[in-house]
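Q: Protein sequences, first through last, are from chains A and B.
Just so we're on the same page, this note's numbering is the position in the first sequence counted from 1, plus 1445.
Just so we're on the same page, this note's numbering is the position in the second sequence counted from 1, plus 1445.
Hints are not guaranteed to be accurate.
Intra- or inter-copy, both count: the list cannot distinguish identical chains.
Below, simulated DSS-like cross-link-like pairs (lysine-lysine); rule was C-alpha separation at most 30 Å, straight line [unchecked claim]:
| no. | residue 1 | residue 2 |
| --- | --- | --- |
| 1 | 1466 | 1702 |
| 2 | 1466 | 1756 |
| 3 | 1758 | 1736 |
| 4 | 1466 | 1591 |
| 5 | 1767 | 1736 |
Don't read these hints as lab results, they were simulated from the structure.
Since the model is a prediction, treat every value here as computed from it, not as a measurement.
There are 2 protein chains.
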Amino acid sequence: MADDRPGEFELIRTYFAPLAKDPGSLGLTDDAAVLSPRPGYDLVLTKDVLASGVHFFAHDAPEAIAAKALRVNLSDLAAKGARPRGYLLGLALPSDWTANWLGRFCSGLTADQSAYNVQLLGGDTIRSGSGLQISITAIGEAEAGKTVRRSGANAGDLVFVSGTIGDAAAGLKARLDHSFCGNASLDGAEERHILDRYLLPRPRTALSGLLTRYATAAMDVSDGLFADCSHMARASGVGFEIEMSSVPISSALQRMKETVPDVFAQCLNGGDDYEILASVPSAVASEFAEKAAESGCPVTAIGVVTSSAGKVKLIENGRPMKLESGSGFRHF
Amino acid sequence: MADDRPGEFELIRTYFAPLAKDPGSLGLTDDAAVLSPRPGYDLVLTKDVLASGVHFFAHDAPEAIAAKALRVNLSDLAAKGARPRGYLLGLALPSDWTANWLGRFCSGLTADQSAYNVQLLGGDTIRSGSGLQISITAIGEAEAGKTVRRSGANAGDLVFVSGTIGDAAAGLKARLDHSFCGNASLDGAEERHILDRYLLPRPRTALSGLLTRYATAAMDVSDGLFADCSHMARASGVGFEIEMSSVPISSALQRMKETVPDVFAQCLNGGDDYEILASVPSAVASEFAEKAAESGCPVTAIGVVTSSAGKVKLIENGRPMKLESGSGFRHF
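Okay, chain A solo, but in the shape it has when bound:
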């Protein structure tokens, strides 16, 4: 390199080795990580790639970019009933990276490693041809044979969603249009709420054990609530009937429903929620909801599973409502 910034080996020593305390990482001094699930557990692996300008803004705080890249993967693990264990980090750095930027990026990882009890196991750093790209493979553990899939929903199950829906999509709109919050009459707290929900997903790791115990199917909501309902319905060979007025929304979205109803409707299926969508047999539904509330991640029943294979029916004020085709956020 023509400059005096560290090469890959110094980079590993300085920035990444402190993140790798799991013995399986071999201290990042080797070419691979070694891992086995605890007896009675399977490993669950997921991979998400994030690119500057697609999944985050290049000038977002490096800590937040790091957190988002890790959290979208932890969200997948949580939805599968898996507890996070470790991750491999693929980092393609733009040519203008600085030591300060990378230090802050790693601080973001450090904080989340501690918050989610997960360790760096390995990875690779390259010089990107252009913007920053982050590829994370996260590895979790689920009880052997009990990974929660998309495909197990049964007619008669109740459909649950965690948290609130639509905030992240509204936050993205606010990032792209500075007059958005004013037009929607959002107050300062509401504005901060939606911006934060876009910037920092909250993987619902506290629900993973309950999903293993109660859910017949689950996934995280990343493409949009109704788009992901369709995915789960198709995978399960069932239909979903969703009561729109039951979909949990924040006060910010409640305000948007009044001030900008069309935009509100878009945001409900806007994606990037990283909440859990799950089907639960009706006999244990209230028990599931109680335990979820106790865990600090409340869930809300928003509909029922039907036998109409692949059909997602939205009900508003007792009347069927048509979902525009092609809605939902496409990360690709």
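Keeping the supplied structure of chain A fixed, place chain B upon it in accordance with the hints.
A: Quick look at chain B alone, frame taken from chain A:
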């Protein structure tokens, strides 16, 4: 999307699902893959990121790009004594990707999956901000507790290398300078040999079992033979004494040694060899070499492990030779 090329779900169905026959992939219809090592085995995980213009040329055959991205990971697994089992594919496609290009890319994966007995387990596809980037996490199995590390070399061990060294670096030079082969007086077969060795690494998977059985330390040679000797010596707290005349070279490199000796010396430490570097106790060294030859991956003893911690000494015609600092290929 404004065009009629398939979205991510059609992409998975059309191109990637046929590559995912392992039950753990859940047919790529879910958010994660499920995997457990067979009893008595550990999982070994490695991740390499490749970018257009850094690790391959954008106009290389898509089949070859796919093969290289997978093989550099399989090479890491082989060096750790692990048999490949599956991989996750992170693909950042440039905006001008075509169905034909992607079909050929997947053909390359199909062929290598069959050649190396490995299956696609999961992944993610995004639109790249610029050029193609490929991030692969490969997963192998090694006998429990017997993953071969970089750090086990002992003074007195012999140092072995598989195949021949320097061909890929010469191939890269030939790609960058069309007068290279003429200047070096390489004939057509030699030219094809070095170009092929740059384009398509040959992961030495046939050696993985022998490394578990005989090697005290091993790694693959990707940064350059002497650079990687230094890495292994440092990790093991030993020194290496390498006899230059013993380093196995192809007839193309033999010719370059005569015609362009300075360039030849650069190529010997040029990187991208993806051969195995291993230390083996002298008592079993000849047995290791015999079995390796039987496996179809011959190995050559090129030196000995010494007690001079971290020192790599090169001997040429009985005289110590100084290695220029900063040599070796930096992928970052």
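Q: Now tell me, hint by hint, if it's right for this structure.
A: Hints versus structure:
no., hint, verdict
1, 1466 / 1702, "neither (47 Å within a copy, 46 Å between copies)"
2, 1466 / 1756, "between (47 Å within a copy, 28 Å between copies)"
3, 1758 / 1736, "within (28 Å within a copy, 65 Å between copies)"
4, 1466 / 1591, "both (28 Å within a copy, 20 Å between copies)"
5, 1767 / 1736, "neither (34 Å within a copy, 68 Å between copies)"
Comparing the model with each earlier hint shows violations of hints 1, 5; every other hint is respected.
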